[in-house]
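Student: Produce the entire structure from the sequences given, and follow the hints as far as they go.
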Amino acid sequence: AGFLFMFDIVSATMLVRMRVSQDTIFISTYSNLSGGAIFVNRKGAVTSVKVNEPAIVGYVMNNLVQLPNRQEIAFTLARRFGLPGADELFQRQFATYFASGDYKNAALMAAQCKSGLLRTPQTIEQFKQVAATPGQSSPILTYFSTLLEHGGKLNALESVELVRPVVQQQRRELIEKWLKDDKLECTEELGDIVEPMEVKFALSIYLRANSHQKVISCFCKTGQVDQIVAYVKKVNYQGDYNTLLQSMLMTNPEGATNFAKALLEGQNGQPLIDINQVVKVFMDQNRLQETTSILLEALKANRPDQSQLQTQLLAMNLQQAPKVAEAILQMNMFTHYDKAYIGQLCEKAGL
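Numbered by this note's numbering, the letters in the sequence shown go through residues 3 to 353 in order.
What the hints contain is simulated information worked out from the structure, not anything from laboratory work. Hints should not be assumed to be uniformly reliable.
[Unchecked claim] Taking lysine to any residue and the SDA-like style, the derived pairs with C-alpha atoms no more than 25 Å apart in a straight line are:
no.: 1; residue 1: K263; residue 2: W180
no.: 2; residue 1: K235; residue 2: M199
no.: 3; residue 1: K52; residue 2: I75
no.: 4; residue 1: K130; residue 2: E90
no.: 5; residue 1: K185; residue 2: G225
no.: 6; residue 1: K216; residue 2: D184
no.: 7; residue 1: K116; residue 2: Q138
no.: 8; residue 1: K282; residue 2: Q240
no.: 9; residue 1: K155; residue 2: P136
no.: 10; residue 1: K216; residue 2: A158
no.: 11; residue 1: K235; residue 2: P273
no.: 12; residue 1: K130; residue 2: N157
no.: 13; residue 1: K116; residue 2: A211
[Unchecked claim] So the derived label-pair ranges between C-beta atoms look like this:
no.: 14; residue 1: L176; residue 2: A323; range: 49 to 55 Å
no.: 15; residue 1: T135; residue 2: N65; range: 41 to 47 Å
no.: 16; residue 1: N254; residue 2: P306; range: 30 to 36 Å
no.: 17; residue 1: S13; residue 2: S139; range: 29 to 35 Å
The C-beta atom is built at its ideal place from N, Cα and C for all residues, glycine as well.
Tutor: So, in C-alpha cells, the structure goes:
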C-alpha cells in the first residue's frame with residue numbers, strides 16, 4: 003500500500019498520515035504545476051496531492067487534539083506561509099505584545115495576519131496614541147516601517163497616514179522610494195497630500211489612481227500641455243475643459259491656446275470640445291489675439307457650416323483690431339461669412 007505523510011518541519015511533528023494507494027508507490031516527485039507532489043503506483047496510476055492551504059491551519063487546531071502544541075504549530079504555519087485561519091491567535095498575540103510595550107512584534111502580528119483583520123483604522127489610532135520614548139522611533143512609525151518590511155504594499159488608509167507626516171517633514175526621497183517600490187496604494191487623497199510638496203510625485207499617484215482630472219491639472223502645472231490630449235485619448239476621458247482653459251489662461255495664455263487647438267483637433271476628426279465654448283472662455287478674458295489664432299486654425303477648411311464663426315472672427319477684429327481684420331480679409335481664407343454685415347463694419351472701421 004502507499005501512504006502519504008506530512009510533517010511540520012520546525013517541530014518535526016507529523017500532521018497527516020493517510021493511505022493514498024492500495025498498491026505500492028514506486029516513484030514520487032515535487033509537482034511544479036500544483037506545488038504539491040505527484041506519484042505513480044506499480045499499476046501505473048498517477049496521483050497528485052497538495053496541501054489545502056485555506057484549511058490546513060484550522061485542521062491542525064481543531065482536528066489534531068492529540069497534539070498539546072497544536073495551536074503553536076498552527077500559528078507558526080500561518081505566520082511563516084501567510085495562511086488564513088489563525089485570526090483569533092493573531093489578535094491574541096497582538097494584544098499581548100502591545101500591552102507589554104513590544105510594539106515591533108505587535109506590528110509584526112498585524113503585518114503577518116494575511117486576512118488584514120488587524121490592519122484597521124483602530125489599530126493605527128492605537129499606535130498613534132502611544133507616546134514615543136526619547137531616543138527611539140515613535141510606535142506609529144515602527145508600525146508603518148514593519149508593514150513596509152513584512153506586509154508588502156500599504157492599503158489606502160495606511161498610505162495616507164504614513165505619507166502625511168513625511169510630507170510635512172519634506173522627505174521627498176522617502177516618497178520617491180515608496181512610489182518606485184510600489185509600496186503605497188495610490189488614491190486621489192494621497193495625491194492631494196503630496197502635490198503641495200512635489201507635483202511630479204502627485205502626477206505619478208494620480209496616474210495610478212486613474213484620477214483623470216487631477217492628471218490633466220498636473221500636466222498643466224508642469225507645462226506638459228502636449229501630453230493632455232494624448233492622455234485623454236488613451237483613457238477615453240471627457241474632462242471639464244472649460245474650467246481648465248479658464249485656469250490656464252490666467253497663468254499660461256500660450257499653453258492654453260495650444261491646448262485649445264489640440265482639443266479642437268480632437269480624436270479621429272472629432273473635437274473634444276465645442277468651438278463656441280472655446281471662443282467664450284477666451285473672449286470672457288478679452289483674449290482677442292489668442293481667440294483669433296485659434297479660429298484661424300479651426301476654420302481653415304472654409305466650411306459653409308462655419309459661416310457664423312467666420313463672421314464672428316471678422317467682426318471681433320474689425321471692432322477691436324481693424325488691421326488684423328484687414329489682413330485676414332486679404333488672405334481670402336473665408337467665403338461664407340455674412341458679407342453685408344461685415345461690409346458695414348468695414349465701412350465703420352474705415353476699410
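Student: Evaluate each hint against the coordinates.
Tutor: Comparing the hints with the structure gives:
Restraint check: the Cα-Cα separation between K263 and W180 comes to about 38 Å, which exceeds 25 Å; the hinted pair is violated. Proposed proximity of K235 and M199 is contradicted: the alpha carbons are some 29 Å apart, above 25 Å. Between the alpha carbons of K52 and I75 the distance comes to roughly 19 Å, so the proposed pair stays at or under 25 Å and holds. A threshold of 25 Å between alpha carbons decides the hint, and for K130 with E90 the separation of about 23 Å falls inside it, so the pair holds.
Of the supplied pair hints, the one linking K185 and G225 is violated, its CA atoms being roughly 28 Å apart against a limit of 25 Å. Between K216 and D184 the alpha-carbon distance is near 20 Å, which keeps this suggested pair within the 25 Å criterion. For the proposed pair K116 and Q138, the alpha carbon gap of about 28 Å is over 25 Å, so the pair is violated. For a cut-off of 25 Å, the pair hint linking K282 to Q240 stands: about 19 Å separates their Cα positions.
For the given pair, K155 sits about 29 Å from P136 by alpha-carbon distance, which is inconsistent with the 25 Å threshold. Simply put, K216 and A158 have alpha-carbon atoms about 18 Å apart, close enough for the 25 Å limit, and the pair holds. At roughly 11 Å between alpha-carbon atoms, K235 and P273 fall within 25 Å of each other, so this suggested pair holds. For the suggested pair K130 and N157, the alpha carbons sit about 17 Å apart, so the restraint of at most 25 Å is met.
Pair hint K116 plus A211 holds up; C-alpha atoms about 24 Å apart against a cutoff of 25 Å. As the Cβ distance of L176 to A323 is approximately 54 Å, the hint placing it in 49 to 55 Å holds. Range check, T135 to N65: about 44 Å between beta-carbon atoms, so the 41 to 47 Å window is met. Evaluation of the 30 to 36 Å hint for N254 and P306 yields a pass: the beta carbon distance comes to about 35 Å.
Separation of S13 from S139 is about 34 Å and conforms to the stated range, judged on CB atoms against 29 to 35 Å.
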